[in-house]
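Enquirer: Residues per chain are reported as follows:
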Amino acid sequence: MINKFYLYLNEPKTKIGWVHGFLACIGSAVIAYLTMALISSIINADYAFKIIPSMIGTPILICIISFWLLFCKSYFEIIKKILYIMSLLLFMFFIKGFFYA
Amino acid sequence: MLEKLNIKYLIRAHTVIGLFCIFLFYISSFFGSITFFLPYVNQWELPSTHIEKTLNYTFNIDNKLNEIINKYKLDEKNIEITPPSFKDPRISISSKDQSTIFLNPNTNEELDTFYENNSIAEFINEIHFGENIPLIGTFLMGLSSTAILFLILSGIILFISNKKKRKQNQTPKRFWFKWHRNLGLIVIPFLLIFTITGAFIGMMLNTSTIFSLNATDYKESNLRKLVSPILFKQKDNLEKNEINTQMLDLSILYKKAQENYENLEIKKINIYNYNKENSQIVFSGYLRDNRALSGNINRVNITLNSINAQVLSKTYLEQTHGIKQTLSAFYFLHFMPDETIGVRVLFFVLGVLLLISLVFGYLLWAQKKLHNINDFRLSNFINRVMLTIVLASFTCVGFLFFTHYLINNEFLQKDLFIKGMFYILFFILLFYSFFENRVSKIVKVNLYLSSVFFFFSAFIHGFQTKMFIWDSYAKNIDVIFYVDLILILSSIILFFTAKKISLNFMSNFNYDRGLKC
Numbered sequence: 083m084i085n086k087f088y089l090y091l092n093e094p095k096t097k098i099g100w101v102h103g104f105l106a107c108i109g110s111a112v113i114a115y116l117t118m119a120l121i122s123s124i125i126n127a128d129y130a131f132k133i134i135p136s137m138i139g140t141p142i143l144i145c146i147i148s149f150w151l152l153f154c155k156s157y158f159e160i161i162k163k164i165l166y167i168m169s170l171l172l173f174m175f176f177i178k179g180f181f182y183a
Numbered sequence: 029m030l031e032k033l034n035i036k037y038l039i040r041a042h043t044v045i046g047l048f049c050i051f052l053f054y055i056s057s058f059f060g061s062i063t064f065f066l067p068y069v070n071q072w073e074l075p076s077t078h079i080e081k082t083l084n085y086t087f088n089i090d091n092k093l094n095e096i097i098n099k100y101k102l103d104e105k106n107i108e109i110t111p112p113s114f115k116d117p118r119i120s121i122s123s124k125d126q127s128t129i130f131l132n133p134n135t136n137e138e139l140d141t142f143y144e145n146n147s148i149a150e151f152i153n154e155i156h157f158g159e160n161i162p163l164i165g166t167f168l169m170g171l172s173s174t175a176i177l178f179l180i181l182s183g184i185i186l187f188i189s190n191k192k193k194r195k196q197n198q199t200p201k202r203f204w205f206k207w208h209r210n211l212g213l214i215v216i217p218f219l220l221i222f223t224i225t226g227a228f229i230g231m232m233l234n235t236s237t238i239f240s241l242n243a244t245d246y247k248e249s250n251l252r253k254l255v256s257p258i259l260f261k262q263k264d265n266l267e268k269n270e271i272n273t274q275m276l277d278l279s280i281l282y283k284k285a286q287e288n289y290e291n292l293e294i295k296k297i298n299i300y301n302y303n304k305e306n307s308q309i310v311f312s313g314y315l316r317d318n319r320a321l322s323g324n325i326n327r328v329n330i331t332l333n334s335i336n337a338q339v340l341s342k343t344y345l346e347q348t349h350g351i352k353q354t355l356s357a358f359y360f361l362h363f364m365p366d367e368t369i370g371v372r373v374l375f376f377v378l379g380v381l382l383l384i385s386l387v388f389g390y391l392l393w394a395q396k397k398l399h400n401i402n403d404f405r406l407s408n409f410i411n412r413v414m415l416t417i418v419l420a421s422f423t424c425v426g427f428l429f430f431t432h433y434l435i436n437n438e439f440l441q442k443d444l445f446i447k448g449m450f451y452i453l454f455f456i457l458l459f460y461s462f463f464e465n466r467v468s469k470i471v472k473v474n475l476y477l478s479s480v481f482f483f484f485s486a487f488i489h490g491f492q493t494k495m496f497i498w499d500s501y502a503k504n505i506d507v508i509f510y511v512d513l514i515l516i517l518s519s520i521i522l523f524f525t526a527k528k529i530s531l532n533f534m535s536n537f538n539y540d541r542g543l544k545c
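From first to last, the protein sequence lines are chains A and B. Just so you know, we're using our numbering here: the first sequence kicks off at 83 and counts up by one. Just so you know, we're using our numbering here: the second sequence kicks off at 29 and counts up by one.
A few of these clues could be false.
Derived lysine to aspartate or glutamate pairs resembling EDC-like cross-links, with alpha carbons at most 16 angstroms apart [to be verified]:
hint : chain 1 : residue 1 : chain 2 : residue 2
1    : B       : LYS261    : A       : ASP128
2    : A       : LYS97     : B       : GLU150
3    : B       : LYS284    : B       : GLU31
4    : B       : LYS253    : A       : ASP128
5    : B       : LYS115    : B       : GLU150
6    : B       : LYS115    : B       : ASP90
7    : A       : LYS178    : B       : ASP245
8    : A       : LYS155    : B       : GLU31
Not the full set, but computed from the structure, chain A residues with beta-carbon under 10 angstroms of chain B [claimed, not checked]:
hint : residue
9    : TRP100
10   : VAL101
11   : GLY103
12   : ASP128
13   : TYR129
14   : THR140
15   : PRO141
16   : SER148
17   : CYS154
18   : LYS155
19   : PHE158
20   : ILE161
These are computed hints drawn from the structure, not numbers from a lab. Glycine residues also receive a C-beta, built at the ideal position from the N, C-alpha and C atoms.
Based on the sequences and whatever the hints tell you, model everything.
Expert: Have a look at this one:
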């Protein structure tokens, strides 16, 4: 059963489907927001400098990441990329929280 | 160069995302293109702004200011005066929590504005920003801007990737595809400006909580509270002073400010502690050689002592906050607050090209679906919705102009009534487009209706304000004359376009095409 599911996830797609597109959209939005939120929290300046550039950069970053995720050949690849980046970002949030606490 | 499979993915993503956001983005772009002329529309709909521009058209209210302040008991702590400009030819005087008084700059007479409202301009702006959809409207508009940003980038990649192939295959391309691609490429720089600024204003301002919380270590979620004291800090009121001292005439102070800050185009004047010993006057505006960075958000100013015209302080562009400059450039690119007709016309033309490109992009998809019998019902439904959005936008805007002077200003709830009628007309046209088989007839009905609305709006305006197009021409009231002229010209163009359309126009999108299949 697990093997079947694993094979299904790894199956290279010849045509982009709804799941692939949905994952790319949601994944890119979550990663872009997390990245820019992390930058907002790290920058050492007044609130205008901390927040506004992140807000301008987020839609651009969403588009760039969505291309990166879109070009994955299987569901497994796209999920892997999203989870890796999210774990890295959450780890950096943890480190940041640990040092600033 | 991209792999074949990636190109395939990209084409599909470009089509699906385009299809999802085209309805919202068409509406936003259509009404956005009209908003380029909003200052002029605003003047057309307010009779008190129908002011002749004479040779003596100067800004001098020295003899009137004191009378106005005493008559209306304006708060002397901070009196705001707006000189006449291309956006509003009237002089306005106001203070906090009090209604604004408008003066005719030729005669300094007070203007009666009690029943006036700028319903067209406000409503068009509302639809452009998506504010007419409660709670999620502005966010959806921002989201569609982000989607368009994706479409721009994917379009560029597809254009570059397919270049080689196109040279090899000399087969004739479909008409829709060719013009969707060509017009799309022309408007890319223009579109990039508006999608990035639109995504910021629409989507990011609505989701700023995430950034505010992170920037403050989860202590504050309100962006305004954090950023306003830095970016939008207002000059504090001066200390209360009871000693009366006559301040210099406003015209002398105005001249002094211009002498001391030659590059400053004064847009607003604030008098603090009027006619008191410690009175100050602040002249703020934009720099003539840098309108973008000294736009609405980042005005520079000069402060004078109102009693002896001594310069107390001056702000230079270099002293202003970097983010204020960035936001000023952002808002300048999206709203063009200080630009006059030239740039507005150019942007309007680019807006029209964008609209055509969007429609051709849609037709490209619709054309493909024509041969798919399984999708017949769905594609027909979407086609009719899109047809209504494209055509009813013209008709409904014409209707807005038509009803503005048709309904008396004294009628309470005029705004609400006009908005209601606007939506009712839109849905009637939508039902009609579902009901009618022939696309050509739907197009004709919409174009004839808009033609009638535009034509009569110019004349109803004349009846109500006693200023017909020939009067505004004779009296040299340029803005009103040109708005009336454009309304009549649009009406004529729409009428002849409707007349030219043959019964076979886009007949492959008729319902009975399916029956023939």
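Enquirer: Against this structure, judge whether each hint is valid.
Expert: Results for each hint:
1. LYS261/B x ASP128/A: Status holds; Cα separation ~14 angstroms.
2. LYS97/A x GLU150/B: 45 angstroms, violated
3. LYS284/B x GLU31/B: Given that 16 angstroms is the threshold and the Cα spacing comes to 67 angstroms, the pair is violated.
4. LYS253/B x ASP128/A: Satisfied, since the Cα-Cα distance of roughly 13 angstroms is no more than 16 angstroms.
5. LYS115/B x GLU150/B: 15 angstroms, holds
6. LYS115/B x ASP90/B: Between LYS115/B and ASP90/B the Cα gap is close to 23 angstroms, so the pair fails against 16 angstroms, i.e. violated.
7. LYS178/A x ASP245/B: Given that 16 angstroms is the threshold and the Cα spacing comes to 10 angstroms, the pair holds.
8. LYS155/A x GLU31/B: 11 angstroms, holds
9. TRP100: Where the cut-off is 10 angstroms and the nearest Cβ of chain B is about 9 angstroms from TRP100/A, the hint holds.
10. VAL101: 13 angstroms, violated
11. GLY103: 6 angstroms, holds
12. ASP128: 6 angstroms, holds
13. TYR129: 4 angstroms, holds
14. THR140: 6 angstroms, holds
15. PRO141: PRO141/A check passes; min Cβ-Cβ to chain B is 4 angstroms, inside 10 angstroms.
16. SER148: Hint holds; SER148/A Cβ to chain B Cβ min 6 angstroms, cut 10 angstroms.
17. CYS154: 9 angstroms, holds
18. LYS155: 7 angstroms, holds
19. PHE158: Interface hint status for PHE158/A: violated (16 angstroms vs cutoff 10 angstroms).
20. ILE161: It is violated, given that the least Cβ distance between ILE161/A and chain B is near 16 angstroms, above 10 angstroms.
Violated hints, in rising order: 2, 3, 6, 10, 19 and 20; the structure is consistent with all others.
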